[in-house]
Amino acid sequence: MLVRYLSQIGRYFLMLKEIFNKQTKWSVMKRLIFKEIDDLIIDSLGIVCFISFFIGGVVAIQTALNLTNPLIPKYLIGFATRQSVILEFAPTFISVIMAGKMGSYITSSIGTMRVTEQIDALEVMGVNSLNYLVFPKIIALLLYPFVIGISMFLGIFGGWMASAYGGFSTSQDFIQGAQMDFIPFHITYAFIKTFIFAILLATIPSFHGYYMKGGALEVGKASTVSFVWTSVTIILFNYILTQVLLG
Amino acid sequence: MIEVKNVEKSFGDTKVLKGISTVFETGKTNLIIGQSGSGKTVLLKSLLGIHHPEVGTIEFDGRVYSNLDKDEKRDLRTEIGMVFQGSALFDSMTVEENVAFPLRMFTKENRAAIKERVDFVLKRVNLIDAHKKLPSEISGGMQKRVAIARAIVNRPKYLFCDEPNSGLDPNTSILIDNLIKEITEEYDITTVINTHDMNSVMEIGDNIVFLKNGLKAWQGTKEEIFKTDNQAVVDFVYSSNLFKKVREAYLKGY
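Chains as they are written, first to last, in our numbering: chain A, 1 to 247; chain B, 1 to 254.
Quick caveat, the hints were computed from the structure, so don't treat them as lab data.
All C-beta atoms in this analysis are idealised placements derived from N, C-alpha and C, irrespective of residue type, glycine included.
Treat the hints loosely; a few may be bogus.
To be verified - In silico lysine-lysine, DSS-like type, Cα no more than 27 Å apart, as pairs:
id, chain 1, residue 1, chain 2, residue 2
1, B, Lys-181, B, Lys-245
2, A, Lys-25, B, Lys-222
3, B, Lys-45, B, Lys-212
4, B, Lys-132, A, Lys-30
5, A, Lys-25, B, Lys-115
6, A, Lys-35, B, Lys-108
7, B, Lys-70, A, Lys-17
8, A, Lys-25, B, Lys-70
9, B, Lys-132, A, Lys-22
10, B, Lys-70, A, Lys-22
11, A, Lys-25, B, Lys-108
12, A, Lys-35, B, Lys-133
13, A, Lys-30, B, Lys-133
14, B, Lys-15, A, Lys-213
15, A, Lys-22, B, Lys-108
16, A, Lys-22, B, Lys-73
17, B, Lys-115, A, Lys-35
18, A, Lys-213, B, Lys-245
19, A, Lys-17, B, Lys-45
20, A, Lys-30, B, Lys-222
21, B, Lys-222, B, Lys-245
Said to hold, decoys possible - Cβ-Cβ distance ranges computed for the label pairs, FRET-style:
id, chain 1, residue 1, chain 2, residue 2, range
22, B, Lys-108, A, Phe-13, 33 to 39 Å
23, A, Leu-6, B, Asn-171, 52 to 58 Å
24, A, Leu-236, B, Lys-115, 26 to 32 Å
Okay, chain B solo, but in the shape it has when bound (with noise of 0.2 Å):
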């Protein structure tokens, strides 16, 4: 569980988280959504020890972040997998290269275990034989499921995403949320997505959190979503007719 008490952060004079306070719990699907400039992204920033905020505390299960020395944020970061937007692999190694790193930085675990344990992950996110190739010889989505094989590798406790659906076609961008939302259940993690894509929403939040100006303006499930009556939250998540209609359909009982 990941607890952030009234989290406050500036660039400047700018002031771009204003006092947020949210919990994010474990084994459950935990979405980040608001406009762009809401400050989803230095939130979950805030989250991964990239932007340090100047008001407030963020609990990984009861460990106060600032209050670690360096030595003990680089252990808690072990402990976090990350799919970044643009899967951020490394570009010189292969695709089980890519995967294996984390067990290799950080593990003692031999050469034929960390095979046995790649070779699980990427079955486990559907590749099987792309093993050898290069990130820039493979696709999108299966770039982002390298990115998912990557950060679940090392068995982490809490799994960050930052807009994994994004340059993905609907069918992929479902695959892809199916797979968080199932490893997330499967191995109890506590998963932190922050997305724009409105059927991740309707899909798959357990938990979500809609940020505008820099607070936390609402927060629910997505059964809530179709039922609120927060004027934000209904103009951001129901701009398009598509989804009008799905959130009428639903409030009809159909």
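The shape of chain A in the complex, shown without the other chains (with noise of 0.2 Å):
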């Protein structure tokens, strides 16, 4: 079992040496990578709105409802919503509800041409198949970034409307939370946390692609399993990088 997982470990890394192999043409590496930013960001961009905004919205409530000390001032609840959407709900969490979204649609798509042949045929053309199908994917995910940032506002959004319009704060408290002991390097911790996730979600789910074996069904299991690995990587790169950078 565990050669069988350092193998599969080994394999990786072989492959994102031969990503950067033998570059596709300039003018169709092009087109791809425009591709892959409206497939993996564009097409995003709706669902981690929807759930940053209400979950922001859910975290600002857990935490009003939980103060129920009268010594405890207000502006708590927009500090704690902040804290919890950058440091971690905006990252981590996105990240690991991508590796679902992005991530099966990276396997299946890569997988169902490695059953019909299609990654077959590249290779007899003398195309890099790695290159062509996941480069543009890395490239792409370089704009995952701007998403969580997209993700902490509206997180924060979520949280000021559900306390102001909720009656759990003024809105003035929760601006003051908010603004209160801010760290900037809370943002570049954020965003270091955010570009290893991009590379682990363009990655991993390309790697159980392209390595499947068999036909349909094995398709659906091989995103499953993909779903499940990558997301177990963001857990645990996610607790190495807040050790190294905050610990």
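The two chains are supplied separately, each in an independent frame; assemble them into the complex guided by the hints.
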């Protein structure tokens, strides 16, 4: 079992190396990158905005409901919402959700190409199929921090709406809390995490799709396995990066 | 010309190709036939460089594949056209984008020249008004013709076809067979076809290689296959009553 996992990890790193070998012609690659930006980034904005806004609201409400001691100031709702959203919710929670959305899309699309011999067709033509298929996804996901930036803003905005309009605190209190003891490095930390997660989101599902074997049923299985491993890796890296950057 | 010399290939403990030697000639339709599990697909994939034989060599007009470096192998592959069993067209591209793909990837031709060439080959395979359609919007026979157009658009020296007739009705099968034969002769390319289809064997088999249990059991032309007394070939090719009767009629001189 351990040997199998180690050999898979080794194969993953060999895949990473191969992605950057023999580049596809720029005129072709440019179009692929724009297509991936559309499929992976633009198409994810709707669900990210929706989830961020409402989870931000729920975080604010939960915080407010747990502040039962009258001595604790209401502006802590804004503070807690900002910290939760910027440090964990937007970079990590959204990335786990994206492991499901983007990850299953990437695995199933590449897996289907494998099953229908489209990857063999690329290879036979002399195309570096890993570069052709995975490199544009990596480049497209360099815009992923932009998605997380929007998620951060909407999460805090959702918290403010729920808090101010739900009668849990005044607008001024929430804004005061949201600005209190702000540490700019937390934003840097969040975006460093996001960048690493973006690379994982592009490459782990690609790995599972590219090296899958079998037919249509196995494409479904590969998507599930890819989601599990992408999520596990994101959570693991989240811990390591938090320890290294904030510990 | 492709020369296969003593090629052996194993998967685990199973030896699939057991020292195959043969020559696939230029300007001819070379067919690989044999029962399922005889090693046809493994031989074809070895010719394509997808499988790497442990023993023996494959030479493309004197170039030994295993001696080429990575870049030389990729360059050689640009000289190869391949028609896959399931066509393997790119789902996200239209018919004309699929056909233009090898030109966009490997040539410096401008858009107008690419369009002209794509129109020419699509016309050559009798597809005139499907340019803007997606593969999912056309029939299996049309997909095969698009696959042939894509395979020949970059003027390949070698054309490989993996069961080009599978899933097609008899009329379309004959059209595809004839198209491949015409293209082979017209462009003087080395064509290797992996097939189960006995109609193809009788129609276009200029050079037929019969595999059995990973060995070359027989080689000859479509005329010779009627006369052979090789029991393995007779059992395989004339397993249906129709072909038995065709053979009997041929031998009686009808």
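Hints and how they fare:
1. A distance of roughly 26 Å separates the Cα atoms of B:Lys-181 and B:Lys-245; the hinted pair therefore holds under the 27 Å criterion.
2. With a CA separation close to 44 Å, the supplied pair A:Lys-25 and B:Lys-222 exceeds the 27 Å bound.
3. For the hint pairing B:Lys-45 with B:Lys-212, the CA-to-CA distance comes to about 17 Å; that is within 27 Å, so the pair holds.
4. At most 27 Å may separate the alpha-carbon atoms for a hinted pair to count; B:Lys-132 and A:Lys-30 meet this at roughly 21 Å.
5. Note on A:Lys-25 and B:Lys-115: the hinted pairing holds, with a Cα-Cα distance of about 18 Å set against a maximum of 27 Å.
6. With a C-alpha separation of about 23 Å, the suggested pairing of A:Lys-35 with B:Lys-108 holds against the 27 Å cut-off.
7. For the hint pairing B:Lys-70 with A:Lys-17, the CA-to-CA distance comes to about 15 Å; that is within 27 Å, so the pair holds.
8. At most 27 Å may separate the alpha-carbon atoms for a hinted pair to count; A:Lys-25 and B:Lys-70 meet this at roughly 18 Å.
9. The hinted pair formed by B:Lys-132 and A:Lys-22 fails the criterion: a straight-line CA distance of about 30 Å is larger than 27 Å.
10. As the CA atoms of B:Lys-70 and A:Lys-22 are separated by approximately 10 Å, the hinted pair is consistent with the 27 Å bound.
11. The suggested pairing of A:Lys-25 with B:Lys-108 holds, with an alpha-carbon distance near 10 Å, which does not exceed 27 Å.
12. Proposed proximity of A:Lys-35 and B:Lys-133 is supported: the alpha carbons are some 19 Å apart, at most 27 Å.
13. Distance hint between A:Lys-30 and B:Lys-133 is fulfilled; the C-alpha atoms sit about 23 Å from each other, no more than 27 Å.
14. For the hint linking B:Lys-15 to A:Lys-213, the alpha-carbon distance of about 21 Å falls within 27 Å, and the restraint holds.
15. Proximity of A:Lys-22 to B:Lys-108 is assessed by CA-CA distance (about 17 Å); at most 27 Å being required, the pair is judged to hold.
16. For the proposed pair A:Lys-22 and B:Lys-73, the alpha carbon gap of about 12 Å is at most 27 Å, so the pair holds.
17. Under the criterion of a C-alpha separation no larger than 27 Å, the hint pairing B:Lys-115 with A:Lys-35 is consistent with the structure, at around 22 Å.
18. The straight-line distance between the Cα atoms of A:Lys-213 and B:Lys-245 is roughly 42 Å, outside the 27 Å bound, and the hint therefore fails.
19. Of the pairs offered as hints, the one joining A:Lys-17 and B:Lys-45 holds, with about 25 Å between alpha carbons and a cut-off of 27 Å not exceeded.
20. With a CA separation close to 49 Å, the supplied pair A:Lys-30 and B:Lys-222 exceeds the 27 Å bound.
21. For the given pair, B:Lys-222 sits about 16 Å from B:Lys-245 by alpha-carbon distance, which is consistent with the 27 Å threshold.
22. Checked against the hint of 33 to 39 Å, the pair B:Lys-108 and A:Phe-13 passes, with Cβ atoms roughly 35 Å apart.
23. Separation of A:Leu-6 from B:Asn-171 is about 54 Å and conforms to the stated range, judged on CB atoms against 52 to 58 Å.
24. For the pair A:Leu-236 and B:Lys-115, the beta carbons lie near 50 Å from each other, so the given range of 26 to 32 Å is not met.
Violated hints for the displayed structure, listed by number in ascending order: 2, 9, 18, 20, 24.
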